[in-house]
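A.B. asks: Construct all of the structure, not just a fragment, from the sequences and the given hints.
So the sequence lines, in the order shown, correspond to chains A and B. When we follow our numbering, the leftmost residue of the first sequence carries the number 1, and every step to the right adds one. When we follow our numbering, the leftmost residue of the second sequence carries the number 1, and every step to the right adds one.
What the hints contain is simulated information worked out from the structure, not anything from laboratory work. Some hints could be false.
[Stated by the list, open to error] Keeping only pairs whose Cα atoms sit at most 25 Å apart, straight-line, the calculated DSS-like set for lysine-lysine is:
| hint | chain 1 | residue 1 | chain 2 | residue 2 |
| --- | --- | --- | --- | --- |
| 1 | B | Lys306 | A | Lys285 |
| 2 | B | Lys392 | A | Lys530 |
| 3 | B | Lys259 | B | Lys197 |
[To be verified] Just so you have them, the derived chain A footprint on chain B, three or more residues with Cβ under 8 Å:
| hint | stretch |
| --- | --- |
| 4 | 99-113 |
| 5 | 177-187 |
| 6 | 202-212 |
| 7 | 254-268 |
| 8 | 390-399 |
Here a beta-carbon is modelled for each residue, glycine too, at the ideal position from N, C-alpha and C.
In case you want the letters, here they are:
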Amino acid sequence: MKFSMPYSTAKFLFLALFASSLSTGAAGKVKPEVKMFAPGYGELDFKAPEAGSYQLPVLANAHNAEVLNTEGEFVEFHQLFKGKYTLLSFMYGRCNDVNGCPLTYVVFNRIRHMARKDPEINNNLRFISMSFDPDNDTPQIIKAMSDALQGHSAHNKHNESSTHGGQRMKHHKNIEWLYLTAESQESLTPILQNYNQAVLRQPDSDGNQGGNFSHILRVYLIDPQNKIRNIYSVSFLHPDIIINDVKTLLMAKTQNKTNIQHTLQNKQRNTRLGPSDHKGNYHSKNYKTRSASVSSQTGDETNLLKLFNSPPLGLPKATVPADNTMTADKIKLGKKLFFDRRLSLNNTLSCAMCHIPDQGFTNNEVKTPVGFEGRSLRRNAPSLYNSAYFDKLHHDARETSLENQIWLPLMADNEMAMPSIGMVTKKLLALDDYQGVFEKAFNGKPASMLTIGQAIASYERTLLSGNSSFDRWYFAKEEHAISASAKRGFNLFKGKAQCISCHTVAKDHALFTDQKLHNTGIGWRASMGKTAKTQKVQVAPGRYISIKQSLIKSVGHGPISDLGYYEITQNPADRWKYRTPSLRNVSLTAPYMHDGSLSTLTDVVKFYDQGGVKNITQSPLIQPLNLTSSESEDLVAFLTTLTGSNIETLISDALATPIGDTHSL
Amino acid sequence: MKNENFTKQCKLLMSLLVSALLLNPVSADETCMSPYMAKIIGQEDFVYIWTLGVEGIGDGQDKMVTVDVNPNSATYGKVINSESVGGRNEAHHSGFTDDRKYLWAAGLDSNKIFIFDVHTDPAKATLVKTIDDFVTKSGGVVGPHTTYALPGRMLITALSNHKDHGGRTALVEYTNHGEYIATYWMPTDDNLQGAIKSGNYADGYGYDIRALPRRNVMLTSSFTGWSNYMKDFGEVLADPEAMKRFGNTMAIWDLHTRKPKQILDVPGAPLEIRCAWGAENNYCFTTTALTSQIVLLEETDKGDWKATIVADIGKPEDVPIPVAFSISSDDSMLWINTFMDGTTRGFDITDPHHPKQVYEKIIGTQVNMVSSSWDGKRLYHTSSLLANWDKKEADNEQFFKLFHWDGKEMTEQFNIDFYAEKLGRAHQMRFGAYSLYGKRPVEKPIKTASLTVKP
Chain A
1 MKFSMPYSTA KFLFLALFAS SLSTGAAGKV KPEVKMFAPG YGELDFKAPE
51 AGSYQLPVLA NAHNAEVLNT EGEFVEFHQL FKGKYTLLSF MYGRCNDVNG
101 CPLTYVVFNR IRHMARKDPE INNNLRFISM SFDPDNDTPQ IIKAMSDALQ
151 GHSAHNKHNE SSTHGGQRMK HHKNIEWLYL TAESQESLTP ILQNYNQAVL
201 RQPDSDGNQG GNFSHILRVY LIDPQNKIRN IYSVSFLHPD IIINDVKTLL
251 MAKTQNKTNI QHTLQNKQRN TRLGPSDHKG NYHSKNYKTR SASVSSQTGD
301 ETNLLKLFNS PPLGLPKATV PADNTMTADK IKLGKKLFFD RRLSLNNTLS
351 CAMCHIPDQG FTNNEVKTPV GFEGRSLRRN APSLYNSAYF DKLHHDARET
401 SLENQIWLPL MADNEMAMPS IGMVTKKLLA LDDYQGVFEK AFNGKPASML
451 TIGQAIASYE RTLLSGNSSF DRWYFAKEEH AISASAKRGF NLFKGKAQCI
501 SCHTVAKDHA LFTDQKLHNT GIGWRASMGK TAKTQKVQVA PGRYISIKQS
551 LIKSVGHGPI SDLGYYEITQ NPADRWKYRT PSLRNVSLTA PYMHDGSLST
601 LTDVVKFYDQ GGVKNITQSP LIQPLNLTSS ESEDLVAFLT TLTGSNIETL
651 ISDALATPIG DTHSL
Chain B
1 MKNENFTKQC KLLMSLLVSA LLLNPVSADE TCMSPYMAKI IGQEDFVYIW
51 TLGVEGIGDG QDKMVTVDVN PNSATYGKVI NSESVGGRNE AHHSGFTDDR
101 KYLWAAGLDS NKIFIFDVHT DPAKATLVKT IDDFVTKSGG VVGPHTTYAL
151 PGRMLITALS NHKDHGGRTA LVEYTNHGEY IATYWMPTDD NLQGAIKSGN
201 YADGYGYDIR ALPRRNVMLT SSFTGWSNYM KDFGEVLADP EAMKRFGNTM
251 AIWDLHTRKP KQILDVPGAP LEIRCAWGAE NNYCFTTTAL TSQIVLLEET
301 DKGDWKATIV ADIGKPEDVP IPVAFSISSD DSMLWINTFM DGTTRGFDIT
351 DPHHPKQVYE KIIGTQVNMV SSSWDGKRLY HTSSLLANWD KKEADNEQFF
401 KLFHWDGKEM TEQFNIDFYA EKLGRAHQMR FGAYSLYGKR PVEKPIKTAS
451 LTVKP
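C.D. replies: Now the structure itself:
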């Protein structure tokens with residue numbers, strides 16, 4: 001740090017130290033200590049941020065206080081703060097900590113000196129030095145300090161003196177500088193509390209309370225509206241910074257707020273397909289991020305009822321239960337519930353935390369999602385696209401309707417962990433933002449087990465996604481809607497590979513699922529297969545290490561049983577059977593299979609090409625395919641044509657929905 | 001003539017100031033605290049341990065545990081207070097306000113921030129306020145982590161967000177009174193916010209923060225999002241998708257404006273940050289959890305920053321997972337704890353470009369935090385990393401241990417078994433002292449402490 005003390009500053013500092021030597025000189029065990037001169041005595045080691053290039057948000061209200069001026073008259077902070085920006089420091093006259101009160105005096109004086117050539121600062125800033133030692137710093141003492149200050153900094157011969165509100169002041173070329181004190185310790189205490197100013201009287205050598213204080217130096221920049229806009233400590237109490245801060249505030253007053261950069265204001269609409277935290281090519285050392293900011297993820301609401309009533313090309317008309325016809329109000333309420341994290345016991349999980357809209361309404365970032373308090377789930381979160389058509393829900397088909405299905409994740413202790421149906425209902429009934437909403441959607445009926453299920457099911461039914469390039473080629477006969485490779489892939493799909501046996505295609509629509517359960521061998525392998533002694537683990541882009549299985553076991557839970565459809569039927573023949581998922585939007589819903597164990601579509605094709613994993617109850621439909629590498633690529637090319645044309649619309653609609661959090665309105 | 005007088009006065013003034021400085025020996029604090037912080041000299045009286053509740057252990061709740069660590073006290077080495085906060089919040093880190101009157105302790109899961117009064121009765125950290133709308137106020141930030149003191153404010157790093165529970169996140173600023181001020185999102189590719197992307201990565205992840213006020217700089221590191229830090233660690237290691245979601249960056253910020261200036265590639269999940277204390281030592285360190293390396297962050301002659309891998313910690317292929325570390329007050333030593341092997345390692349960093357391991361000791365079956373007294377003679381260790389990352393069964397020791405370091409050997413002084421005490425998982429430690437607040441223990445000798453602020 002370079003020292004460049006102006007003449008007046010040096011003289012003033014000398015005065016300040018001299019004044020402190022008049023104190024009792026008692027040295028207690030606790031004393032302020034310093035390591036070096038604060039930056040405020042010299043030049044900054046860095047360039048002060050340019051005025052107007054940043055913002056100074058309101059930190060807090062600057063509390064009012066009744067204090068005494070140099071004439072012993074009561075004055076109020078808020079009266080004194082009017083009309084200008086105020087630098088308020090707390091000090092005491094006998095302060096001898098070079099990086100304490102004397103630092104403030106020096107910095108204020110330097111600003112005063114610099115402001116003589118800067119009318120903007122000179123006219124818009126004032127200083128207040130408020131004593132926290134009313135026992136010693138009486139009005140007479142602070143008047144003497146003020147007079148001494150004015151005299152010793154007054155080589156400016158143009159200063160004139162007058163009174164304002166009783167306190168002596170200088171104006172014209174000098175920034176106004178007021179000295180204040182408290183009437184008593186009792187009146188001081190709330191002021192220090194309000195300004196969060198820690199002051200500790202130091203004991204003297206006998207352990208009695210001495211005349212010195214330990215205090216954290218704080219100087220407050222207060223705007224004319226009595227708002228604190230910055231708090232300076234030893235490190236940042238510097239004229240260059242303070243002057244630019246004041247100028248920044250003055251500029252903000254006159255500028256259109258949109259001209260000021262702010263991260264939250266620089267929003268770009270982001271409804272990209274796939275995760276906003278893109279990890280494509282992460283296996284390579286040449287990986288480059290393509291991240292999108294959370295704050296840019298906003299969207300526009302769409303007419304979901306219209307979408308439901310007019311399903312996209314390739315999808316049939318969806319049916320609804322007779323007692324839960326679709327209405328816009330139900331859909332809107334269901335969507336609100338779907339994104340409400342307060343529907344979990346500790347307000348951290350909503351349906352949408354595992355069925356993430358921009359991740360294919362599943363979770364691309366983990367094989368199996370994470371529940372309440374991090375509890376493990378054993379299966380991949382299924383995508384919700386086109387779930388309106390499914391009569392078997394969950395991977396093991398344990399539910400038959402969307403209305404009923406929602407209660408399992410709400411109540412499961414490893415998912416959202418709500419303790420009871422009654423508690424879900426009671427919680428919703430108590431939330432301000434749900435008042436009257438159920439009644440409006442359900443003809444006067446309040447939140448209940450029935451209406452909560454019906455509302456969420458109504459929203460889920462609207463997530464129809466079709467009119468894919470495959471649909472336009474296959475059903476609308478647009479010859480060039482898909483590539484030649486994809487066409488070859490479809491021929492394999494329905495021919496040599498026989499995928500179509502389970503992922504069915506009808507004459508006028510295609511759900512790509514037979515809605516049946518099959519054992520491919522994935523589940524059997526997890527239960528019965530042998531574990532390798534080591535595991536390849538990626539630790540950074542393009543960097544892998546081999547970890548001993550024993551090490552993984554030391555920090556992991558034991559095996560979690562998963563026997564598939566057998567858990568529902570108790571029939572040994574149903575072991576490791578899982579529901580056939582739809583393939584629509586399959587390129588958006590990685591990782592794959594009921595346990596998320598396959599990362600890519602190429603991995604999936606490879607798995608089936610090998611005939612899955614042989615086991616006693618494996619579906620006879622699964623056989624080795626003997627695909628060439630070219631045929632495998634064609635199959636993958638076909639699968640990528642199944643992405644619906646309205647994905648961005650559905651994501652945008654989801655992003656337009658406020659997420660329910662504690663104290664959300 | 002006037003100039004001569006001025007020069008004489010300046011010389012006199014400077015001699016007075018230098019004399020004053022010499023009369024007041026340099027003092028400082030535990031080595032990892034905010035430079036704005038009031039500081040303890042000498043013997044600390046208490047350690048406050050932010051402890052995770054465990055289902056089936058005691059009341060199962062997170063709690064702030066106060067342990068008496070003053071050897072002159074009758075309750076030395078004993079738990080003297082435990083303040084339960086309700087629920088299991090994934091208690092993780094805590095930090096004092098700059099006046100050191102309040103301790104802010106965050107929950108990575110519940111997103112609650114618990115504010116404890118530690119000045120009214122330093123022997124009894126008492127919950128006085130809970131911030132439970134952090135996510136709403138911040139605009140969707142999840143996983144409050146480091147609570148870092150700035151003048152009159154707390155800057156809080158976070159790990160995740162409420163849209164996808166991934167790693168993209170933000171810094172959030174509060175007043176000392178617990179009022180929300182602003183959110184500063186970590187720079188991402190679509191909005192670098194003026195930051196220069198020095199390498200290939202701008203992941204938008206967060207973890208720790210440290211400030212170098214003299215350079216107007218703050219640094220942030222990057223870990224992983226809620227879906228990973230809450231997930232069973234064995235599952236994470238076995239999940240290729242999850243392993244792609246760790247931070248690979250550190251960001252350099254303008255401290256005053258809170259704007260990111262530069263993003264550095266630091267692959268492998270850089271976690272804690274420790275900056276050198278020396279007035280001219282414009283560098284900091286981090287350690288990478290997954291790649292097990294010490295990384296030096298230093299300012300270049302051009303004024304920008306660079307990251308350099310300067311040493312391995314243990315054998316990276318054994319995945320030791322360096323977690324917490326501590327820097328000595330004279331910038332000569334790093335103490336680095338590695339979780340998986342329960343080991344603490346001392347590195348000589350007198351040449352920061354070439355750290356050399358000079359000591360190694362197994363602390364327990366697992367170890368996480370290490371906190372050093374300013375004089376470096378006392379090193380405290382705790383055991384828990386994250387509720388679902390800790391070891392299982394017999395290796396899941398949960399302890400708070402004090403070791404003395406004599407420059408050659410580390411000797412255990414006491415060991416509190418946090419399971420036997422029915423407390424839970426011991427995580428982060430912060431020091432307390434009566435004398436910070438001008439108080440004395442009842443009929444107990446006071447030990448010296450002091451307030452100072454390092455510019």
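A.B. asks: Run every hint past the structure and note whether it holds.
C.D. replies: Taking the hints in turn, this is what the structure says about them:
For the proposed pair Lys306/B and Lys285/A, the alpha carbon gap of about 19 Å is at most 25 Å, so the pair holds. A C-alpha spacing of about 22 Å is found between Lys392/B and Lys530/A, which places the hinted pair at or below 25 Å, so the restraint holds. A hinted pair counts as satisfied when its Cα atoms are at most 25 Å apart, and Lys259/B with Lys197/B qualifies at roughly 14 Å. Beta-carbon proximity to chain A at under 8 Å applies to 6 residues in the stretch 99-113 of chain B; the threshold of 3 is reached and the given coverage holds.
Only residues whose C-beta sits within less than 8 Å of a C-beta in chain A count toward coverage, and the stretch 177-187 of chain B has 7 of them, enough to reach three; the restraint holds. Look at the stretch 202-212 of chain B against chain A: 3 of its residues bring a Cβ nearer than 8 Å to a Cβ of that chain, three or more, so the hint holds. Counting residues of the stretch 254-268 of chain B whose C-beta lies closer than 8 Å to any C-beta of chain A gives 7; at least three are required, and the coverage claim holds. By the rule of at least three residues with a Cβ nearer than 8 Å to a Cβ of chain A, the coverage given for the stretch 390-399 of chain B holds, with 4 such residues.
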